[in-house]
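Just so you know, the sequences run in chain order B and Z.
Residue numbers for the first sequence follow full-length UniProt numbering, so the first one is 1 and each next one is one higher.
Residue numbers for the second sequence follow full-length UniProt numbering, so the first one is 1 and each next one is one higher.
Each hint should be verified, as a subset may be incorrect.
[Unchecked claim] A short, non-exhaustive set of chain Z residues, derived as facing chain B with CB atoms under 7 angstroms: (1) Arg76; (2) Arg85; (3) Val105; (4) Gly186; (5) Met187.
Think of the hints as simulated: they come from the structure by calculation, not from any bench.
Predicted model only: the values in this text are computed from it and were never measured.
Glycine is no exception: its CB is placed at the ideal position from the N, C-alpha and C atoms.
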Amino acid sequence: MAVDHDHLITPKRDFAGRSNLVHLPWWFVIILGIIAFMAFRIMTDPLHQGIFNTILQGLGTTLYVTAVSFIFALIFGLFLGLGRVASNPIIRNLTITYIEFIRGVPMLVLIFTISFAVVPLFAESFGLANNAISLTTRAIIALVLIYGAYIAEIFRAGIESISRGQSEAARSLGMSRAQAMFYVILPQAVRNVMPALGNDLIALLKDTSLVSVLGVREMTQVARLSVSTSFRYEETYFILTLFYLSMTLVLSLILQWLQRRVGARG
Amino acid sequence: MIRIDGVSKYYGAFCALDNVSLDVQAGEVLMIVGPSGSGKSTLLRCINHLEVPNAGQIVVDGITVNNNEAHINAVRAEVGMVFQRFELFPHLTVLDNICLAQQKVRKRSRQESEQIAWKLLEKVGIPEQARKFPTQLSGGQQQRVAIARSLAMQPKVMLFDEPTSALDPEMIKEVLDVMLDLAREGMTMVVVSHEMGFARNAAHQVVFMDQGRIIEQGPPNQVFTQPNHERTKLFLSRILH
Numbered sequence: 001m002a003v004d005h006d007h008l009i010t011p012k013r014d015f016a017g018r019s020n021l022v023h024l025p026w027w028f029v030i031i032l033g034i035i036a037f038m039a040f041r042i043m044t045d046p047l048h049q050g051i052f053n054t055i056l057q058g059l060g061t062t063l064y065v066t067a068v069s070f071i072f073a074l075i076f077g078l079f080l081g082l083g084r085v086a087s088n089p090i091i092r093n094l095t096i097t098y099i100e101f102i103r104g105v106p107m108l109v110l111i112f113t114i115s116f117a118v119v120p121l122f123a124e125s126f127g128l129a130n131n132a133i134s135l136t137t138r139a140i141i142a143l144v145l146i147y148g149a150y151i152a153e154i155f156r157a158g159i160e161s162i163s164r165g166q167s168e169a170a171r172s173l174g175m176s177r178a179q180a181m182f183y184v185i186l187p188q189a190v191r192n193v194m195p196a197l198g199n200d201l202i203a204l205l206k207d208t209s210l211v212s213v214l215g216v217r218e219m220t221q222v223a224r225l226s227v228s229t230s231f232r233y234e235e236t237y238f239i240l241t242l243f244y245l246s247m248t249l250v251l252s253l254i255l256q257w258l259q260r261r262v263g264a265r266g
Numbered sequence: 001m002i003r004i005d006g007v008s009k010y011y012g013a014f015c016a017l018d019n020v021s022l023d024v025q026a027g028e029v030l031m032i033v034g035p036s037g038s039g040k041s042t043l044l045r046c047i048n049h050l051e052v053p054n055a056g057q058i059v060v061d062g063i064t065v066n067n068n069e070a071h072i073n074a075v076r077a078e079v080g081m082v083f084q085r086f087e088l089f090p091h092l093t094v095l096d097n098i099c100l101a102q103q104k105v106r107k108r109s110r111q112e113s114e115q116i117a118w119k120l121l122e123k124v125g126i127p128e129q130a131r132k133f134p135t136q137l138s139g140g141q142q143q144r145v146a147i148a149r150s151l152a153m154q155p156k157v158m159l160f161d162e163p164t165s166a167l168d169p170e171m172i173k174e175v176l177d178v179m180l181d182l183a184r185e186g187m188t189m190v191v192v193s194h195e196m197g198f199a200r201n202a203a204h205q206v207v208f209m210d211q212g213r214i215i216e217q218g219p220p221n222q223v224f225t226q227p228n229h230e231r232t233k234l235f236l237s238r239i240l241h
């Protein structure tokens, strides 16, 4: 038993050829295997190929909604996060109210509420026709408003993870509160929350499938439309699943690589 | 230079400072000693408003330290502070640590800030570390950078909050040497520390505090060799071995 335990801690010992197998990321190999199997079927079978090409038409919209929503959610979330730790109690409490409100409602419900209740209300008060704002734009607005609240909590945690001594040092050099925040606290906080932000990017990519309920022609909606005429449920939904799985896998590899690069810098 | 007048500070019911009054002349080196929890760090932190006193008044170089944000920033720009845990900015190089506040607060150009930074790094003896990040430096080197960073603002007063107590013994001297140089140049300094050697060599006045009060005050020789109060004697017998 003791020897086995030893292998787990020091897998690179000479006689431990067996432990190298133990330490292979098998989950990764299995997922790659599944993807390869599906890819093989798509390449060899015309039916699968057709479905693949159909869903591919939604890929651009999925990526577009993900990217645009994430960028604006980052900006919005940063402002909310700063409001969350503001010394002004009015700003702080209004921010907390918003964040708790969003976090207390299911995302699917919020997507309906924002798209069909909040956006039309605002559109009306700005004198815009109800249909002047496209469904894709509504979807992005909804995701930004929702993810902004989640990302705000990440930024808050990052800001609070920086020791008080850092802001005291900045303030004792004569910097204002805002200067201390922007030149000393935030740069460190952002670096600390990079992994958490990466997780939210992946979660957002997956959650774009929810905006299919608005009729936005992203991958899930395209797949649903296709199924409604072809009745090829099994093939279509397996290939759709494969699309998301490969995308999140690639994205997490990219994020890990980025993380290592940033981490190595200092 | 610093006038502290009847300052009290409470944390809930706990009294950290009890009606403390103290004057520091320009060019004077004042050392505050006392057991932990005696309020010496709190007093130091009140001088640049990192702690807000509940009562009393502090005037630094003619500026009253009150809740006015502009006053506070004005005082802080004139008062340098060195912390026990250095508090260098880990995401910036040594050079950038020294330049940041010069550029943002003093509104100096990058070039001028760097010139001043290089001069100060020479002064504290580590110009070769300028391009490194703080975590690559030893504790003693980090504290010397922290001193240089404060000096770059050309403060009229320097506050030292236990500057050597987080250091390994062999690094204490290099920091004390820098502080001794500063004292000789006539910097007004308030030092919370138990470095008796520094007190004897550089301090003009020693203040002994206990339970938020100043118990005894005088030149180092008098306070250390002929203390008037039992409490002072007991404390000194414990730290002078």
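Hints versus structure:
1. A cut of 7 angstroms between beta carbons decides the hint on Arg76 (chain Z): the least distance to chain B is about 5 angstroms, and the hint holds.
2. For the restraint placing Arg85 (chain Z) at the interface with chain B, the shortest Cβ-Cβ distance is roughly 6 angstroms, inside the 7 angstroms limit, so the hint holds.
3. Here the hint on Val105 (chain Z) is kept, as its CB sits about 4 angstroms from the closest CB of chain B, short of 7 angstroms.
4. Hint on Gly186 (chain Z) is violated. Least Cβ distance to chain B is approximately 22 angstroms, over the 7 angstroms limit.
5. Interface hint at Met187 (chain Z): violated, since its Cβ lies 16 angstroms from the closest Cβ of chain B, which is beyond the 7 angstroms cut-off.
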